[in-house]
Amino acid sequence: MVATPVVNWGKGLLGTALAALGLSFIPATAEEPREPERPTLNLFGVTGLIDTPTADMQPDANLTATAGYFGGYLRNTISAQFLPGLEASFRYSVLNELGPPGNGTTLFDRSFDVKIRVLEEGQSWPAIALGLQDFLGTGVYSGEYIVATKGFEVDELGAFRVTGGVGWGRFSDGNGVENPLVNVADGFRNRDVNVGVGGNVTAGQFFRGENMGFFGGIEWQTPVDGLTAKLEYSPDRYLREREFGDFEQDVPLNAGIEYRATDNVEIGAYYMYGTEFGVRVSISANPFRPLSDLDLEAGPKPLTPRATPAGLGDISGLGDIISMITGEAPRASISDPRLQDVIVHERLGDVRWADAIMTARAGDRCPTELAKAIDAELGVIDVVTFQRPDNSPICSVALRPAGEHAVRITSRASSAYPTDWYNRDDERAALVKALAEELTSENLSLYGIEIAPDRVQVYLENNRYRAMPRALGRTARALSRTMPPSVETFEITPVEGSLPVATVILKRSELEAQVERPDAASKTFASAAIKDAAPVSWDAVLAPDTTFPRYSWNIFPATPVNLFDPDQPARFDIAAVATGGIEFLPGLSTNAEISYRIIGDLDDIERTSDSLVEERVRSDIAEYLNQGNPALTRLTFDYVTKLSDSIYARASTGLLERMYAGVSGEVLWKPASQSWGLGLEVNYVRQRGFNTLFDFRDYDTVTGHASLYWDTGFYGLATQIDAGRYLAGDWGGTFALKRRFENGWEVGGFATFTTIPFNEFGEGSFDKGLFLTIPFNWVLPYDSRQELETVLRPLTRDGGARLVVKNRLYPLVEDNDQGGYRASWKEFWE
Amino acid sequence: MIVRSGLVLLGALLFSACTSGENSSFERLKPIIEDEIFGGPIFGDPEPAPVPREPTRVELNEVPFATIAVSIEDSPRAFVVPLADNGGYLTYQDALRRGVIMRGGLITATQGLTYNLSAVKHDLDDPIVGPRALANWPDSIYRNYQFALGGGARDFQITVACRYEQGTPERVEIIELVFDTIRVVEICRNTVREFRNTYWVDPNSGFIWKSEQWIGPRQQPMTVEIIRPYAAS
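If you read the protein sequences in the order shown, they are chains Z and F. Everything in the first sequence is counted per our numbering, starting at 317 for the first residue and increasing by one. Everything in the second sequence is counted per our numbering, starting at 9 for the first residue and increasing by one.
Okay, chain F solo, but in the shape it has when bound (with noise of 0.2 Å):
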């Protein structure tokens, strides 16, 4: 880490310039020589950003699209709304243009996170993406993940095939709405890897209030929870 940093400190030293453009170097590069080098601000502004208070769902109701939330660990939700549908690819996307591409209940891309997910192939039948009573899911389907890392890092894909577990009854709360689902946990692996994806099913529709779903090998799980479904908007 040691290295790592003087290496970033270096770049920064070196690439660091004034320019007439708009892309001022120093500006981008504050955070990062903060962050690297000091562990925390040193150019003005140290007092951290107070933690946003999550909004109720009187207040949510008043937001006039779907919406959904979405965290990773135990980061605060971000609540946001679609931007553009294109062909049942929904992008979801906040302020500063971080966000999520879903099909149906299926994240298949993330964008302006560390790592993103760019793509995913999947089955004409996987449940995930077109809502189905849970008496007719399939027993396994397949997807393909599809990464570009950028950069200068080599692209690649992740093919698994999924089957589900047995699901069991679990009420969920999403900002105050109880909502009764089936729990269903989806096995993905290949010769190398296995990872698990978990989502609270509406049994009779197949529609999915909540999932916590696998976007990539570096990434820690995302969790998604419907406030308003987009086809009610």
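The shape of chain Z in the complex, shown without the other chains (with noise of 0.2 Å):
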């Protein structure tokens, strides 16, 4: 040791000063978070051995792309750890000679897995979980099971896992036992392989069938790094493959290696049953590991603190303020005769304060000594406020930086700062003029403000950061260094194409006892008040560098793509697309979008629909990609309002989308404070030509929904169930699920049913499909609110079909509420 420490600190002393630092509720072992183990993957792209399944589990949201190929057949999967311990998977298998039997031709086959955990790993017990396997398809994978996973390590050889499991349909066609169920039921004997055009839940097939097999196997994580083996039991007979094709199986094992080459891709080889080769490639990448570990953000100007002015203690009520934060013990007592009276009370939220009422005979010394004593025997006090009998305030002591904090905050709040500034027209003028230039420096822009003696209410547009409140603390910083002392109130509202959204209400002195302390972006969640932004009058609140008419445009390349045709599984174009707009006051604009193709395939589609719906609304798309070269696929009037505080309003008329021109209107209801909202839109459409400009084909109708939205809170998850009449006539309902992460990464799926029944649907019996939005900040090392959206729809078909409108009203206000901030409030400091 360099010295003799001044303070001995026994127990007491030491609880009670990390509890005062709030210290003793982070555990001594607070870490960074380890990386957490990302098991390898099967043939089908699930957490798996070989051709079988485990029951480990990826890391939470990690997401991979699959390619796996043996004996002819390739499973293409795309696999999602929805929550941590659901892990769902969309497939689309490409199986040489399993066609309709007979005609040995390529059986096209889309499939979905789903696999939950039952029970986590622990250090006696395996992890345990159920799964099912193309129970959303032809069926043609379809098999149930139950499956543990354990983990040993064995010194020097590495680590191994053990699995073993029970299963059904296609996992007891080897080695089975009657099926125990059948016992309970004797339907539970059936087990039809028949499913028609596909696309339903088999619901009716899980856990039937005479039998039940067993499997398993062992995987051994060799010492060197990345290298793994594996060897499985397969009970999977590849009955259908040996009887419509060539496939052969001499025995049911499977042996292989896999190599992770990078922590993003992972190949593999097998020998599979003794008679073919097997290879697997996947590519993963997680929501909460960004592809880019830069940071090439500048950091936040500083927040420019007020000066304190001198005799606030006259007026805040405190009176002299002492700062006694040493850790050092008392020297007296609590029993101090001079000591009348004291009130703990609560302020501020928890900052416990001590008024203590002095004798007559005390004198107006302010007593420091017996504030230590008060605080080592009422508890954890943060301040001290000493008062005469009269109650008048001798001086106030804070023993502990949240009662400094407390303190300045108090006596800053009342100050009596000038605010003669205010009647003077031109300073009014540069303030503006100033903070304009401010938010610019930090790429934001002044849309509207608003200008009292002791607040000030500004209206922001934010383009660049993806979380909004990085841009209101940037903005809140940008106020403090512009504003007069005497505007203790910073009122922020986030303006989203002309819409207020929402109302952020921080007080100045909070900001300025917050600003560099730990815990700061916690500690201003709990002190701002959220609200709904009232309907604005621009005409008055207009930023000077606000104007109307404004212009927009921006060139970007695409690539839009068609999956799963059968005759080409995959093509794309890479086009050129041009957007433009002219917004001529606040809400009301025009906009265009044109895109042109480039190089590409998807003009050589030639799959014509076989739709039999009456209406083809929208299984004529290969037309349109045909002919449409270049395609107007927006050119649109658009008026998006505040109607209340709550309630938003938007009316478009023109060519809405690519394959359909009219009229749309939508009105949508979300406060702020609630963390769901009900929305409403009509639409009168005529269906446009092939060539994607101006003319129009003899198809019209009127298509509308209503529309529940629901954020639960719950691990992200968001809901949206839309009820009404789709482009085709046909009635019903979509439900939506997608888990939504801070950073703005999505991945959900979503299902539709209505009056058009599977048979008359076609393929694939209801509308389903996938979505993913990634947002370019996980990619750049730089911040953006630019985001790369993607649906992934296993057929596009009649039934079920809703217009696309580019502007519908949700999205601009679903991340700025009270929930929307929550989540992404750590980066306000930031």
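The hints are simulated quantities; they were obtained by calculation from the structure and are not laboratory data. Everything numeric in this text was worked out from a predicted model, so none of it was measured. Don't take each hint at face value.
To be verified - Computed spacing ranges between beta-carbons, pair by pair: (1) F/A103 with Z/S639: 28 to 36 Å; (2) F/P237 with Z/R740: 34 to 42 Å; (3) F/P237 with Z/I650: 34 to 42 Å.
Stated by the list, open to error - Residues of chain Z clear of chain F, computed beta-carbon distances all greater than 12 Å: (4) V430; (5) I641; (6) T735; (7) R913.
Said to hold, decoys possible - Covered stretches of chain F (chain Z as the covering partner; in silico rule of three or more C-beta atoms under 8 Å from a C-beta of chain Z): (8) 79 to 93; (9) 102 to 108; (10) 193 to 202.
By construction, the Cβ of each residue, glycine as well, lies at the ideal position given by its N, Cα and C atoms.
Please dock the two separately framed chains into a single complex, following the hints provided.
The structure is reproduced here in structure tokens:
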């Protein structure tokens, strides 16, 4: 030691000191979280051995694209760890000679899997999972299983994981025993393998069949980094493949090695069933692990605190202010005869504040030594204000940083800063100009502003920062640097598409007491108020630089794709897309989008619609792609406004999307304080000509939906339920569920059920799909609000088809509410 | 790395756009494409920027503000001045808005670096925060380092207990001025990590003239040298 310490901390003092710092609630092991183990995948693209699953799960939110091939069967799978205990997969398989029986053609098969963790692995018990393979599809690969996996390590040899499971369907061909469920109900004997047009949940087949079979294997994570060896027993006899094709199987065993070349890429090679070789490539990504680990964003400019004016003690009722944050032991007692009474109460949240009433004989000297005694004997006290018998203040002693901050807030909030600046027009104009410049330096825009002597209302346009709280924080810092000291309240309203969406109210004195301190973000969120933004008469508040009409344009590359066409499962174009807009007045605009195919093969699609639905509202998409180049995909007049604090409205007319033109109206009710909202949209549309210019076809219709939006607050899960009339005149509903991440990632799926029967809908039975949104700031080392959004539909058919509207209201507001700001508030001070 | 570069290139191609706004994607992507894909500048300005000459003490004395020099590993010293004093938390920042927040001699935050330290929660009697004669330094202290990585990565905190090793006298030169100090090593550890901070301390006042401090598990230590103390400004 360099010196003898002044204070020899005993347990009590140590505990008190740690409690004072808030350290006591932090476990001593608080550490950087370990990278979770990422188990290997199987040829089906789900976590598993080679051709069978394990009970392991990928790290939360992990996404994987896998191509697995053996014996003429190619399985392309996208798999998502949707929740920590729920793995979901979509597969597109190309299966040679597995087409309709007897004709030897290739089967292009779409299927969905789901695996649910039943029990997490423990010290002495295995992980257990229940899975449904191909539960939504044609059922070619359908099977259900219960599987257990346990890991152990052997010195110098590495780690092993052993798996054993029991399954039905594809898992029951070999070594089967009688399905015990047939003793429950005889109907369990029957398992129908003919599922018609596919696309249905085959719940009626689950756990059925005469037999069930066993599978299992071992995985060896060798001492060579990234190298894994596997051996498994698979009960799948590939009966259909052997019946329709020339697949052969000698033994029910598979073995192989896998190598994880990088964190994101995994390759495997296998010897399968004694007759075939197999290979697998998997590429993974995780929203929690940004691809770019750089952060080229400049730091925020500092918050500039106001000077504390002299004589504030008289104003604030605190008396002289003294700081005694020393950690030293008390040298007096609360039984001191000068002390008449002590009243402890909480202020400003959880700050414990003691009012100590002194006797008349105590005099006006600040008895600082008593403050320590009060703290020691009455529990943790942050501030003591000593008062005379008539309650007039003598002094206030801050004993902890929290108390110091509380005193600062109380004093500054009650200070009478001069407000004469407000009466001078030129000074107010200079303030607005200075603020606009400060915001520009932060890549933000001042849309509008209202200034009062003690408050400022700022309307903010944020085209840079993904997390709105980061924009709010930088705006608050800019306000601290530019607004006169008397401006105590900052009201900041983000403006999205000229709509004021929410208002965040911040107290300047609170910000001054929180900035740069530990836990600053959570403290700021606790002290901020978030409310609906009121409709605004923009004429009165627009900033000088916000002038109308204003123009915007954008040119960017696009790669539209067409998947799952049996003639060619993947086609794509490279196209240039140009967008432009003129906003005549706040909310009133005209917008256009045109795309031009530079190269690609989307115009080679020859497959024509075989739809049985009377109106071909979507299945003629190939005609539009063939004939529409360039394609005028949008030319609209739009108006958006707020009808009340929490009701938004939109009207659009013109060429709404590639295939439809018409009139669209929408109303949305979404208070900022609640996690759900309601919307209503009605459209009258006419089908456009295939050349995607100004021609029209004969079909017109009224379509529209009532919508319920709900952010569950559970793992970022958000739902949307739409009910109404679809483009083909069919009535029904769409259920969508997605997981949203703070950084903008979205992963989810949807399903639509309408009055069109499954057999009339055609292959797939009903409309469904997956959506994926990747934010640019996950890929690139700077902040951005741009994102790559894609919807993956197994089939494009006519039932359950909905109009595409590019400026729907809910996306504008869904992150601008209390829940949305809470999720990303950690970025407020970044 | 090939995969990562490929993905960055893919991202650059997919996400590049010309726009009417002020944040041209290409301008922002240019240095990334150059560094990640080509390993250096290709879009003009191929000449590396000259290393700036380090100022002399006389020149630094003309700066009318408190000044510190910060550096990471072998990087040239950056001389920065405090832009704000928030209750003893001093914000030092350069023209590119990279900087540090210091409380006393302790770095409590960094800004504009690859990974940033958000804040440090410390004991009341942390001698690095509140200068005191070396004879009055405590046996040990606790610190809680808070990190916000952004971009979707999860935030985390690291709590450590720190103790001080016997100091040794050492003369340090900071831009032509020599100070007699005691070199004190602070050893901070928890169950999974250990790191060391080194302070060159005036033994009587406890003022820290120079320090080399840990600022996070993914950053190299940062060296801070006091050119002109804040209180003397």
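Right, here's what the structure says about each hint:
The hinted window of 28 to 36 Å between F/A103 and Z/S639 holds, with their beta carbons roughly 35 Å apart. Under the hint 34 to 42 Å, the C-beta atoms of F/P237 and Z/R740, about 39 Å apart, fit the expected range. A hinted range of 34 to 42 Å for the beta carbons of F/P237 and Z/I650 is consistent with their spacing of about 40 Å. Against the 12 Å criterion, Z/V430 stays outside the reach of chain F, whose nearest CB is about 25 Å from its own CB.
For Z/I641, the non-interface assignment is contradicted: its Cβ lies about 6 Å from the closest Cβ of chain F, within the 12 Å cut-off. A cut-off of 12 Å between C-beta atoms confirms that Z/T735 is not in contact with chain F; the least separation is 24 Å. A cut-off of 12 Å between C-beta atoms confirms that Z/R913 is not in contact with chain F; the least separation is 17 Å. Only residues whose beta carbon comes within less than 8 Å of a beta carbon in chain Z count, and the stretch 79 to 93 of chain F has 3; three or more means the coverage holds.
Check on the stretch 102 to 108 of chain F: 4 of its residues sit with their Cβ under 8 Å from a Cβ of chain Z, so the three-residue criterion for coverage holds. Counting residues of the stretch 193 to 202 of chain F whose C-beta sits closer than 8 Å to any C-beta of chain Z gives 4, which meets the bar of three, so the coverage hint holds.
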